[in-house]
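Participant: For this one, chain G is given, so just place chain W on it according to the hints.
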Amino acid sequence: MNRFLLTGATALALLCSGAAQAQQRIKIELWQGLTGDLGSAVEEVCQRFNDSQKEFEISCPTQGSYDSAVQNAIAAFRAKKQPTIVQVFDAGTLDLMLSEAFVPARKLMEENGYKIDWTNYFPGIANYYANSKGELYSFPFNSSSALFYWNKDAFAKIGKTEAPKTWQEVEAFARALKSAGYECPMAINYDTWTLLEQFSAIHGEPIATKDNGYGGLDAELVINKTKFVDYIKFMKKGLDEGLFKIKLPETGANIVQAFASGECQMTMTSVADHGTVGKTAKPEMKWSVAMLPVMEGTKRLNSLVGGASLWVLNGKSKDEYRAAAAFLNFIAKPESELFWSTRTGYIPVTKTGFQHLKEQGFYDKPQYKGREIALESLTASEVTPVSRGIRLGGFIQIRKEMRDALSDIFAGKVSVEDGINAAVERSNAVLRRFEKTYAGKQLL
Amino acid sequence: MDRRAVYKTAWIGGLLLAPQLLLVFTFFYWPTGAALFWAFTLERPWGGGNEFAGLDNFRMVFSDTAYWGAVWRSMVFALGSTALAMGLALLFALFCDRQLRGYKAYQTMLIWPYAVAAPAAGVAFRFLFAPEAGVFAALNKIHPDFWNPSVNGFHAMILIVVAYSWKYLAYNFIFFLAALQSIPRALIEASAMDGSGPLRRMWDIQLPLLAPTMFFLLVINITDSFVDSFGIIDLTTHGGPSKATTLMVYKIYFDGFKGLDYSGAAAQSIVLMLLVMALTFVQFRFIERRVHYR
Chain G
1 MNRFLLTGAT
11 ALALLCSGAA
21 QAQQRIKIEL
31 WQGLTGDLGS
41 AVEEVCQRFN
51 DSQKEFEISC
61 PTQGSYDSAV
71 QNAIAAFRAK
81 KQPTIVQVFD
91 AGTLDLMLSE
101 AFVPARKLME
111 ENGYKIDWTN
121 YFPGIANYYA
131 NSKGELYSFP
141 FNSSSALFYW
151 NKDAFAKIGK
161 TEAPKTWQEV
171 EAFARALKSA
181 GYECPMAINY
191 DTWTLLEQFS
201 AIHGEPIATK
211 DNGYGGLDAE
221 LVINKTKFVD
231 YIKFMKKGLD
241 EGLFKIKLPE
251 TGANIVQAFA
261 SGECQMTMTS
271 VADHGTVGKT
281 AKPEMKWSVA
291 MLPVMEGTKR
301 LNSLVGGASL
311 WVLNGKSKDE
321 YRAAAAFLNF
331 IAKPESELFW
341 STRTGYIPVT
351 KTGFQHLKEQ
361 GFYDKPQYKG
371 REIALESLTA
381 SEVTPVSRGI
391 RLGGFIQIRK
401 EMRDALSDIF
411 AGKVSVEDGI
421 NAAVERSNAV
431 LRRFEKTYAG
441 KQLL
Chain W
1 MDRRAVYKTA
11 WIGGLLLAPQ
21 LLLVFTFFYW
31 PTGAALFWAF
41 TLERPWGGGN
51 EFAGLDNFRM
61 VFSDTAYWGA
71 VWRSMVFALG
81 STALAMGLAL
91 LFALFCDRQL
101 RGYKAYQTML
111 IWPYAVAAPA
121 AGVAFRFLFA
131 PEAGVFAALN
141 KIHPDFWNPS
151 VNGFHAMILI
161 VVAYSWKYLA
171 YNFIFFLAAL
181 QSIPRALIEA
191 SAMDGSGPLR
201 RMWDIQLPLL
211 APTMFFLLVI
221 NITDSFVDSF
231 GIIDLTTHGG
241 PSKATTLMVY
251 KIYFDGFKGL
261 DYSGAAAQSI
271 VLMLLVMALT
281 FVQFRFIERR
291 VHYR
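In order, the protein sequences belong to chains G and W.
Per full-length UniProt numbering, the very first residue in the first sequence carries number 1; after that it's consecutive.
Per full-length UniProt numbering, the very first residue in the second sequence carries number 1; after that it's consecutive.
The shape of chain G in the complex, shown without the other chains (with noise of 0.2 Å):
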């Protein structure tokens, strides 16, 4: 009799949490790569979504850094245990994009019933997301470019009041700070993103073959026959002038920290670090940043965006989908991308979240002043083949080549061709490789 009543409860009670269950938001998990105050900031977006309405809720955890981010995803995926969304950094796009575990962005939204102007992302910021017809496939989100940094405080001490615009004034420039005693006139790295990359998109020349391998998995690396090899032999006579120096956080400082205490008085680094700079430097540094500057004759063109996008993967349920349409349409909204760039020293992605940041005076505030030069170097030009992005397999395996590289080559260890030829080589063995994981499939 007992018994009997027991069950019947139990029954009874598993019916209503099931009820109760019904009317609960449909939970979605979004696993991010950003970790500290930017790692919070994806948080409060998340928030603010969850705020918004009451049909979804969105949970961002940070998995510790943008590696492990995609790491987990795969392990997950292959567990069947994937989140919805997962931040994927520009590096890990062509692993993914091979692959059949995502839904393109284009169908999610269709499916869901968004229509979204596609025509309103920059295309220097989508092509690096989307395939070789321009169709994206995920979502840009924190996004970014290289800025040229530079200390007013101490350019006014040489008699000079703006940027240099070529590498020939950064070395004139940094000539005149040693001899006015700045023992570090400008602060480098092994970062090829910037050194590397961006370097070659506003100079109009190719990494690779095959429109850096927008044409096909077959592309070779070619920056062992471009203007890189004159730069690299530039910046290496600077480092040994004493002119340019290399600082690295195992030295004590990295190039941030080393800009904002006044130590070095030029660098080169993502717009992301412009609130940074702007919070840890002594409150009466002035200073200001610029685009990167080119090589003296050469027309600019448009620099190549940085940071990561939004994925969604394959495999969830169609309430899932729909939450995960819900908070892609949320994020893309002009309101969030002014929330977004505030928190965060990221740029808007879209046209109408740039004029809304503009409206709004966001660029007139003088914290924020100078971000608006990020997206102005994006679009500098129309974007061309070789400045639509990198499409390149194992791509993560080839920076880490150019920073072995450029670290053996600025230690003197081996000339600048010499170490460049050696890292092409073995960059293209781990294409030739990629393209042999990936035999049968075509880049779309």
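Since the hints were made in silico from the structure, they are not lab data.
Note that this is a predicted model, so its numbers are computed, not measured.
Positions of the beta carbon are idealized from the N, C-alpha and C atoms, including for glycine.
A portion of the hints provided could be inaccurate.
Subject to a maximum C-alpha distance of 35 Å in a straight line, what follows is the list of computed DSBU-like cross-link-like pairs (lysine-lysine) [as the list claims (entries may be wrong)]: (1) G:K316 / G:K237; (2) W:K141 / G:K282; (3) G:K227 / G:K441; (4) W:K104 / G:K413; (5) W:K141 / G:K286; (6) G:K279 / W:K104; (7) G:K178 / W:K141; (8) G:K245 / W:K141; (9) G:K165 / G:K81; (10) G:K81 / G:K27; (11) G:K160 / G:K210; (12) G:K299 / G:K286; (13) G:K115 / G:K358; (14) G:K210 / G:K279; (15) G:K369 / G:K233; (16) G:K227 / G:K351; (17) W:K141 / G:K236; (18) G:K165 / G:K245; (19) W:K141 / G:K152; (20) G:K441 / G:K351; (21) G:K133 / G:K441; (22) W:K141 / G:K237; (23) W:K104 / G:K160; (24) G:K237 / G:K227; (25) G:K351 / G:K115; (26) G:K107 / G:K210; (27) W:K8 / G:K233; (28) G:K157 / W:K141.
To be clear about the criterion: a stretch of chain G counts as covered by chain W if any three or more of its residues have a C-beta under 8 Å from a C-beta of chain W, and this derived list gives those stretches [said to hold, decoys possible]: (29) 69 to 80; (30) 93 to 102; (31) 248 to 255; (32) 395 to 403.
Facilitator: Same frame as chain G, but now just chain W:
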């Protein structure tokens, strides 16, 4: 009379073994099997394709000069860290065994480092040895680049050997001290009465009696130095500058997890496994002969 206790039925024994076998299977044979499969195929990270590659992955690994560099550096690291960790541990254990003043405090403190996780040790050493902010900053002011592991590969190697040995020193110390304390005092005292000094006694009595412990520690230290160095490297040098501290295990991590080349990393881990097995075999075959257990 033989009075061994045996189970009458075999299945009870099997049942009692099952949890252990299950663990070994799940955490050793299964992953090893998967690695073996990937090593002979080309695995796509996001799934959806797996091309049979035969011996291609191994061919690629062995034809890669960077790989041989990593093998060479792993050897240097294994010898360096084993020599340092065992040598110092033995020295300290001998001192403690002689019960010099304050030995109890030393004894406790020398054991602690083993309880510190590798990442924590890595962070501590990165900070201590940072060229512009650490203890070497003052020396670098006098002589620039006197110590700069971010540029100088040799310095970086020293850094990871020291950081790694610091932890294993504690482990070895425990074993050496225990072994020393199990040597009958009567032996030491007798030879002392015969007029032999501490060094003589160490050379003629203690070290020979320590041989089995030394052999055990040698095998463990060499093996672990091949597979356990990851935490230290990842937190101090990231395998750099350039590839100066990219040991075999770190290369596997980078190629597999960061570079998403699952098959290349799988082939490398099979090679590493075989190498460690071979080294252990060599040690048992050639060094153990010289060890007397009684």
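Participant: All hints, please: hold or fail.
Facilitator: Here's how the hints hold up against the structure:
| no. | hint | verdict |
| --- | --- | --- |
| 1 | G:K316 / G:K237 | violated, 55 Å |
| 2 | W:K141 / G:K282 | holds, 25 Å |
| 3 | G:K227 / G:K441 | holds, 32 Å |
| 4 | W:K104 / G:K413 | violated, 49 Å |
| 5 | W:K141 / G:K286 | holds, 29 Å |
| 6 | G:K279 / W:K104 | violated, 50 Å |
| 7 | G:K178 / W:K141 | holds, 19 Å |
| 8 | G:K245 / W:K141 | holds, 16 Å |
| 9 | G:K165 / G:K81 | violated, 50 Å |
| 10 | G:K81 / G:K27 | holds, 14 Å |
| 11 | G:K160 / G:K210 | violated, 42 Å |
| 12 | G:K299 / G:K286 | holds, 30 Å |
| 13 | G:K115 / G:K358 | holds, 25 Å |
| 14 | G:K210 / G:K279 | violated, 43 Å |
| 15 | G:K369 / G:K233 | holds, 34 Å |
| 16 | G:K227 / G:K351 | holds, 32 Å |
| 17 | W:K141 / G:K236 | holds, 24 Å |
| 18 | G:K165 / G:K245 | holds, 20 Å |
| 19 | W:K141 / G:K152 | holds, 29 Å |
| 20 | G:K441 / G:K351 | holds, 34 Å |
| 21 | G:K133 / G:K441 | holds, 17 Å |
| 22 | W:K141 / G:K237 | holds, 24 Å |
| 23 | W:K104 / G:K160 | violated, 67 Å |
| 24 | G:K237 / G:K227 | holds, 15 Å |
| 25 | G:K351 / G:K115 | holds, 16 Å |
| 26 | G:K107 / G:K210 | holds, 27 Å |
| 27 | W:K8 / G:K233 | violated, 80 Å |
| 28 | G:K157 / W:K141 | holds, 27 Å |
| 29 | 69 to 80 | holds (count 5) |
| 30 | 93 to 102 | holds (count 6) |
| 31 | 248 to 255 | holds (count 5) |
| 32 | 395 to 403 | holds (count 3) |
In summary, the structure is inconsistent with hints 1, 4, 6, 9, 11, 14, 23, 27 from the numbered list given earlier, while agreeing with the others.
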